[in-house]
Structures are given as structure tokens and as C-alpha cells.
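Residue numbers (the working numbering), protein chains in the order written: chain A, 1 to 451; chain B, 1 to 350.
No lab work stands behind these hints, which were simulated from the structure alone.
Hints are supplied without guarantee of correctness; some may be wrong.
With a straight-line Cα cutoff of 16 Å, these simulated EDC-like cross-link-like pairs (lysine to aspartate or glutamate) come out [what the hints assert, rightly or not]:
| hint | chain 1 | residue 1 | chain 2 | residue 2 |
| --- | --- | --- | --- | --- |
| 1 | B | K148 | B | D48 |
| 2 | B | K148 | A | E258 |
| 3 | B | K142 | B | E79 |
| 4 | A | K307 | B | D272 |
| 5 | B | K148 | A | D257 |
| 6 | B | K148 | A | E256 |
| 7 | B | K177 | B | D272 |
| 8 | B | K25 | B | E339 |
| 9 | B | K148 | A | D158 |
Listed next, the stretches of chain B that the computed footprint assigns to chain A, with coverage defined by at least 3 CB atoms under 8 Å from CB atoms of chain A [what the hints assert, rightly or not]:
| hint | region |
| --- | --- |
| 10 | 95–109 |
| 11 | 331–339 |
What the simulated footprint calls covered on chain A by chain B, stretch by stretch (three residues with Cβ under 8 Å from a Cβ of chain B suffice, anywhere in the stretch; the number is not a length) [to be verified]:
| hint | region |
| --- | --- |
| 12 | 164–173 |
| 13 | 361–370 |
Model, not experiment: these values are computed from the prediction.
For each residue, glycine too, the CB sits at the ideal point set by N, CA and C.
Spelled out from the first residue to the last, the chains are:
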Amino acid sequence: MSTTATQAQPSRLRATLYRQRWPIGYVTVILFLFVLYEFILPSLVKGVTAPITAWLPVATINECLMWAIMALGLNVVVGYAGLLDLGYVAFWALGGYTAGWLMAYPFNWTLNFHLLSPVPARAPGTHINFWLVCIIAGTLCAVLGIIIGAPTLRLRGDYLALVTLGFGEVITQFFRNSNDIAGRNVANGDPGISSIDPIGTGPLGAAGIAPKLLSNSAAGNVWKILVLGLLVGLCIFISLRIREGRLGRAWLAIREDELAANMMGVPLVRTKLLAYAVGAFFGGVGGVANASMITTAVSPSGFDFGKSVLVLLMVVLGGMGNVWGVTVGAFLLAWLNSNGLKQIGVQLDSWFGTSLAGSLPRYNYLILGLLLVLMMLFRREGLIPEQRTAALMHTASRTEAESLGADSVEAASETEAFAHSDAKADALIAASAAAVSPVLNEPEPEREDVR
Amino acid sequence: MATATLAAVGTERKPKVRIGPLVTKVLGYGVIALVLLWVVANLVANPDRFLGSVLVGLQNGMLYALVALGYTMVYGIIELINFAHGDLFMLSTIVAAAVMVTGLGVGALSAASILPLIVALIVCMAFGALVNVSSERFAYRKLRSAPKLAPLMTAVGLSFVFRGIAQQDYINGSAQKNWAVTWGGPIVEGVFIYKLLMVLVVTAPLLFLMSYIVSRTKMGKAMRAVAQDQDGARLMGINVNGTISFTFALGGALAGAAGVLYFLCQTQTYYDTGTQLGLIAFTSAVLGGIGNLTGAVVGGLAIGMIQAINEGGAYGLGSTWSQSVVFIILIILMVFKPEGLFGRPTTEKV
Numbered sequence: 001m002s003t004t005a006t007q008a009q010p011s012r013l014r015a016t017l018y019r020q021r022w023p024i025g026y027v028t029v030i031l032f033l034f035v036l037y038e039f040i041l042p043s044l045v046k047g048v049t050a051p052i053t054a055w056l057p058v059a060t061i062n063e064c065l066m067w068a069i070m071a072l073g074l075n076v077v078v079g080y081a082g083l084l085d086l087g088y089v090a091f092w093a094l095g096g097y098t099a100g101w102l103m104a105y106p107f108n109w110t111l112n113f114h115l116l117s118p119v120p121a122r123a124p125g126t127h128i129n130f131w132l133v134c135i136i137a138g139t140l141c142a143v144l145g146i147i148i149g150a151p152t153l154r155l156r157g158d159y160l161a162l163v164t165l166g167f168g169e170v171i172t173q174f175f176r177n178s179n180d181i182a183g184r185n186v187a188n189g190d191p192g193i194s195s196i197d198p199i200g201t202g203p204l205g206a207a208g209i210a211p212k213l214l215s216n217s218a219a220g221n222v223w224k225i226l227v228l229g230l231l232v233g234l235c236i237f238i239s240l241r242i243r244e245g246r247l248g249r250a251w252l253a254i255r256e257d258e259l260a261a262n263m264m265g266v267p268l269v270r271t272k273l274l275a276y277a278v279g280a281f282f283g284g285v286g287g288v289a290n291a292s293m294i295t296t297a298v299s300p301s302g303f304d305f306g307k308s309v310l311v312l313l314m315v316v317l318g319g320m321g322n323v324w325g326v327t328v329g330a331f332l333l334a335w336l337n338s339n340g341l342k343q344i345g346v347q348l349d350s351w352f353g354t355s356l357a358g359s360l361p362r363y364n365y366l367i368l369g370l371l372l373v374l375m376m377l378f379r380r381e382g383l384i385p386e387q388r389t390a391a392l393m394h395t396a397s398r399t400e401a402e403s404l405g406a407d408s409v410e411a412a413s414e415t416e417a418f419a420h421s422d423a424k425a426d427a428l429i430a431a432s433a434a435a436v437s438p439v440l441n442e443p444e445p446e447r448e449d450v451r
Numbered sequence: 001m002a003t004a005t006l007a008a009v010g011t012e013r014k015p016k017v018r019i020g021p022l023v024t025k026v027l028g029y030g031v032i033a034l035v036l037l038w039v040v041a042n043l044v045a046n047p048d049r050f051l052g053s054v055l056v057g058l059q060n061g062m063l064y065a066l067v068a069l070g071y072t073m074v075y076g077i078i079e080l081i082n083f084a085h086g087d088l089f090m091l092s093t094i095v096a097a098a099v100m101v102t103g104l105g106v107g108a109l110s111a112a113s114i115l116p117l118i119v120a121l122i123v124c125m126a127f128g129a130l131v132n133v134s135s136e137r138f139a140y141r142k143l144r145s146a147p148k149l150a151p152l153m154t155a156v157g158l159s160f161v162f163r164g165i166a167q168q169d170y171i172n173g174s175a176q177k178n179w180a181v182t183w184g185g186p187i188v189e190g191v192f193i194y195k196l197l198m199v200l201v202v203t204a205p206l207l208f209l210m211s212y213i214v215s216r217t218k219m220g221k222a223m224r225a226v227a228q229d230q231d232g233a234r235l236m237g238i239n240v241n242g243t244i245s246f247t248f249a250l251g252g253a254l255a256g257a258a259g260v261l262y263f264l265c266q267t268q269t270y271y272d273t274g275t276q277l278g279l280i281a282f283t284s285a286v287l288g289g290i291g292n293l294t295g296a297v298v299g300g301l302a303i304g305m306i307q308a309i310n311e312g313g314a315y316g317l318g319s320t321w322s323q324s325v326v327f328i329i330l331i332i333l334m335v336f337k338p339e340g341l342f343g344r345p346t347t348e349k350v
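Same shape as in the complex, but just chain A (with noise of 0.2 Å):
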């Protein structure tokens, strides 16, 4: 008995261990990236530092963590429930004036009010703490998420996309014009609100081991990538979680066929409407981020369609519904956008003698472009392939099945499931099912309202 424990421990902490190789790889990931920036790298002598500082700076792993946040968001909505959302800028765009109006001393602001802030108290404007603000944020984005998902409940694809769409450039336009919405300054138009708040450390800051507050400064930055990662990570269980749980499965149902998911007993308005708020919640935490650690500042020119479209190519290039596959996606586009384009382009002029540093990031929207036509052509499932997503995008659509001979791809897909087919499991299935409910092998008792 006891040999016998003593011979399960180590395996099944094995098999612990292997269950979750994806956190514990995450975890390390960003431990190792905290340790390297802030204890190994200043050690090093320079030969040794400036190549790592010049491809992947400080500021770039921020950028790229907050993307990701931005991704798995969008993943939610675009990955989980297949409706595609080419607004999500709006999102962004109101966490991040969240953040200016709660966080910052913005134009014309006679409400001096100080909630766990790590600014003096006497200074003054709206200042509350971090954390508070990205609940804050979220919670209204979703409820914004909610107001745009409710009358695109109806539509389908392409329209659907298309109305996104709108209400992602009204909702710039709308802070855009916010300097006179009915001869108020809302939020003080095309300058925007600028000097955002730094994050506070608290009891850290205080014992002298971190910054006290995170600005734009070397110090600063490093100690942001644990704050982005912790948000990363939430966002990445939370992904997981709901992804395994009801909710999860009925979006997968929804987005692989929403006629049967409602036929067997999906509410499509409810578990629609949840994935464009909790995919809304990420986009409004996205947003603080961005504008109390990424820019300081937020101004509508930040907000435009390209950024829509570059979240979702994230999305796509990872891994649709995969959410390791969109956060590498994230990463690799992100940094592509803000360092790695120019780097390449140092790096090929050291090689070739080519003046390309300058201008290889001015092709940043070419190469986007091409990338995304390319992996369209050639591998539509992504990097990193949800399995179920990949299946998807390989088979033809249903109505193109049906005029291929449905009965054809049917008996295919049949023989498949067949060979695949596993009878013991299947029976124990069966048996379960039949012990669970007895009323199933009994014959239906006549209904007096059947006509």
C-alpha cells in the first residue's frame, strides 16, 4: 500500500507538472524576462548587452504584453464566437479615456478626488488607483460592448463586420469631437488628455526594492513587465477557463453552426452578448494599460482602423480560438511594428550595405499586408492551430458541401468518424446515459397538445 503511494507521487506530480507546462512556461517566461532586464543585464559588459537591448528593448516587451492583452480580447470574441468584430479600437479608445479621466488632472476638471493613489494629495484632478480603474474601465467597456452587440444580434458575417465597424469610427469620431458634445469639453477633442498617471508600488516603493512610482523611466519600464505580465496572465486564464467551462462550449457551438447551437438549447442573445462584454472587458483593462504605462496620453489619432485591423491580425496569424497561439501572435506582431522591422533593417544594412533601417518601417503596412494575404493562402489556421479551428478551415462551408454532393463529403466524413470511432467509450457512454435517466428507454407517454 504504502510502496504503492510512494510510486504514484512522483508520476502524478508528473502529470501535474505536465498539465500545467503552459503556465509554469508563462510564469518562467516572464520571471526570466523580469530577472534578465533587472539583474543580469546591468552586470553584463556591453558587448554582451547591446545586441539583447537593441532587439528587444524594454519598452517593446510592454508594447508587445499589451497587445497581447488587446488579442486575447479579441480572441474571445472573434476566436471563441466567430463574430467578427473589425471595431475593437472602440474598446481601447474608452479604457483608455477611462484612464484620462480617472487617473490624470485633465482640462477642465473641478472634481479633486484621490482613491489609493500613489499622487500627493494635494495635487490635483481625478486620481485613482491602477487596479481600481482597469475594473472601472472594463466593466464599462462591456456594458459598451453590450450597447453594440445588442442590435447586431440579427446579423451575420459580413454584416456584422461592417456594423462593428461603424460604431468603432462614430466612437472615435466621438472623442475626436469631444471638445464640444453640446458645448461641453468631454474629453478635450483631437489634443486628447495627456500625462496619465504612473502606477504606484506601494508597500514595494516603500521598502525600497521597487521604484516607487513606474514612469517612462529605465527603472520604471522593467518593473511594468511584471504588472503587464500579471494582466497577461489573468486574461490568458481567464481565456482558458471560460473556454472549458458552459459558456466556452456554447461559443464554440455558436460559431461553428448557430442554427443547430440554438436548436439545442443555446440562448443565442445571452452567450452572444457575454462575448462581446467579457471580450469588451479585456479591450477596456488593454486600454488603461496602454494609456497609463505604454503612452502616458491618450488622443483619438491613436484610435484608428488600422489598429482594429491589427489586433485581428494578430488573432489570425496566431491561432484563432487558440489562445497560446494569439499571444504568441501578439508578440510577434507587436514587436515586428514597433522594433523589430527597424532592427531588421539594421541588420541587413551592417550585412549588405543597404540603407534600409530608415525605411523598411515604412513598410510596416505593406508587410502586414502581404503577411496576412499570405497566411490566408497558405495557412488559414494560424501558427499555432486551434485543432477544432483548424479542421474548420480546411472543410468546405456548408452550403459549398452541399453543392459539392453533400452526400459525398457526409459519407467521407462518416467513414472518419468511424475510423476514429472509439465502441468501448461509446458504450460506457450509452450505459451512463441510460442509467442517468430511465425514461429514455420508456416509451413516450401520448401528449394531450400534440395535434
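Add chain B to chain A, keeping to what the hints say.
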């Protein structure tokens, strides 16, 4: 006899009144009525400004109609929102500028500029057709049987590519580029009459030609057949790929023509023109009922008018809200009348 009446009573059922569709229908027409009321209110409040707005609306509306036709034809035949279409239009404004100003040295426009205009029209229409056909050939064709998201994303990618090309310094640069093209002639309420005349003279024949091709020629018949059922058309001996390419060529040519006219009206080129105008044109296509050619033209004119009255009319919100007004119309329309003004409602087959 008695059994027969009994059976009749037995199968008699009360018709279930569905209130939902009725309400949305009433609301849909209500929205249209409100818009008309707003137009009339503007006319009564300030007839002079209203006239100016209508002229501007006519001029822009015709351009929207040209671009919207390209969207609606492609959507009608392969159910793809060609997001790259607006950017193709933007590229042709740049080509038009290169041909007319850099190539043929047009400055102040006069009767002698008609020949360069014709040259530019031919060049740009050929350019638009060529680019559109090659993007169909190399990108969309492979994705025809893929899920709908794939061609849509490809179109977005192509739109990025076009924008990226235009953004380069040796093409147009990332700032707005103004060209020294000047207009003369009479001005009514701030509208150059010759501009309007040029737009009408070029656009009207193109629209009639298009309607002739689609409704009267053999190719048009093939287009309609392919739009209805690709496999059925193939079995009837229609060259499906050729027909789809031809549709893309027509759409591209119209975008090319619109590019020339837009450049001459605005006398500037900008890499972002395509996104904005493309969205408006697509809204027009949806407003008229997507896939419907007459609908696209009417929708384009309607959106042009609404936009112009909003910017110049007595009860308008001004040009800063222009885009929002168009999109709010689109959203309301999608909610209450997704089939558009002239389209027929569709139901999904199980």
C-alpha cells in the same frame, strides 16, 4: 360528408400573428420617413443653402455610386466584401494625378483639358481593371471554397498592401498631397458648376453602359447566372472563372473612373482616402440593397445628399460628424431593414 367537415374542423388552426417582424418593418419605414422629414425641414429653413447642398450631394453621390457599384457587383457574384476596393480607388486617384498633372501637364482646367481627361480615364480604368482582376486571380480565387472569413481577411490584407504602396515617398507619401489644378467657370452656392457637369457627363454614360451590360448582353446573363448558382452555371457551359474575372474588371474600371473624377474634384491625393470613401460607398451599396445595381446608384446618391445636407444644411451637425451620421444610418438600417431599400429579404436554409 360529416367526416369531411370534421376533418376540416380538426385541421383548422388559428394563424399565429408574429408581432416582431411587423414592428421592425414599421420602424424601418419610420426611420426612412424621419430622414425625409429632416430633408424637407432643411429645404424650408434655408432654400439657398439647401440648393448648394443638393448640388454637392449630387456630385459626391455620383462618385459614391461608381465605387458602390464595384462593391455591389463583387458581393452579388461571390458574396465577398471587397475591402480593398476603396484602396484601389485611392490608388487610381494617384495614377490619375500622375497621368494628368505630371504626364500631360494639366494645370488650369479648360476645354482643352478634355483630351487629357479622356486619356486619364482610359489609363485609370485599365489600371483599376488590371489590379482588380489580378487580385482576384492570385488571392480570392484560391479561397472561393474556404470559409467566408478567409477571403474577407485577404481583402483586408490587400487593402493594407495598397495603402502601404501609396504611403511610400516615391508614390504619394504619408501626408496629403495637393496638386496645382484649378477650376474656373460659374459658381452657384459654392459649387463649381463645371465640376458637377464633368462628373455627370462621365458618370451617367458609365452607369447606363453598366446596366446595359448586366441586363442585355450575354456576359451579363452569365454574371447573373453565376451569382445565382455557380455550379448550375458551370453545368450550363458558362465559364465561371472568366465571368467572375470580368465582374472584377468592371468593378475595377468603375473605381478607376471614380478615381479620376475624385482627383479632379478635390485636386488632392491622400493614402487614407480609400478607407473613408470606401466605407461610405459600401454603406451606399448596403443602403440600396447589396447586389442590386439600381440600389447602389440610388444609395450612393442618397448618402451623398444626406452627407451634404448634414454639412451644409440649416439643421446639420457639420462636417465633423459626417462619418458618424453615415454610419449611424447604416447601423439603424442594418437593424431594421438589413435587406436595404431595394433588396429582397433572405432567409437562411437549414
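Hint-by-hint comparison with the structure:
Between B:K148 and B:D48 the alpha-carbon distance is near 48 Å, which puts this suggested pair outside the 16 Å criterion. For a cut-off of 16 Å, the pair hint linking B:K148 to A:E258 stands: about 15 Å separates their Cα positions. With a CA separation close to 15 Å, the supplied pair B:K142 and B:E79 stays within the 16 Å bound. For the proposed pair A:K307 and B:D272, the alpha carbon gap of about 14 Å is at most 16 Å, so the pair holds.
Distance restraint check for B:K148 and A:D257: the Cα-Cα separation of roughly 13 Å lies within the 16 Å cut-off, and the hinted pair is therefore satisfied. Using a Cα cut-off of 16 Å, the hinted pair B:K148 and A:E256 holds, with the two alpha carbons roughly 13 Å apart. About 11 Å separates the Cα atoms of B:K177 and B:D272, which keeps this hinted pair within 16 Å; it holds. A hinted pair counts as satisfied when its Cα atoms are at most 16 Å apart, and B:K25 with B:E339 qualifies at roughly 11 Å.
A hinted pair counts as satisfied when its Cα atoms are at most 16 Å apart, and B:K148 with A:D158 qualifies at roughly 8 Å. Residues of the region 95–109 of chain B with a Cβ under 8 Å from some Cβ of chain A number 0, which does not satisfy the need for three, so the listed coverage is violated. Counting residues of the region 331–339 of chain B whose C-beta lies closer than 8 Å to any C-beta of chain A gives 4; at least three are required, and the coverage claim holds. Taking a C-beta to C-beta cut-off of 8 Å, the region 164–173 of chain A contributes 6 residues in contact with chain B, enough for the three needed, and the coverage statement holds.
With 9 residues having a beta carbon nearer than 8 Å to a beta carbon of chain B, the region 361–370 of chain A meets the requirement of three or more and the stated coverage holds.
Going through the hint list in order, the structure does not satisfy hints 1, 10.
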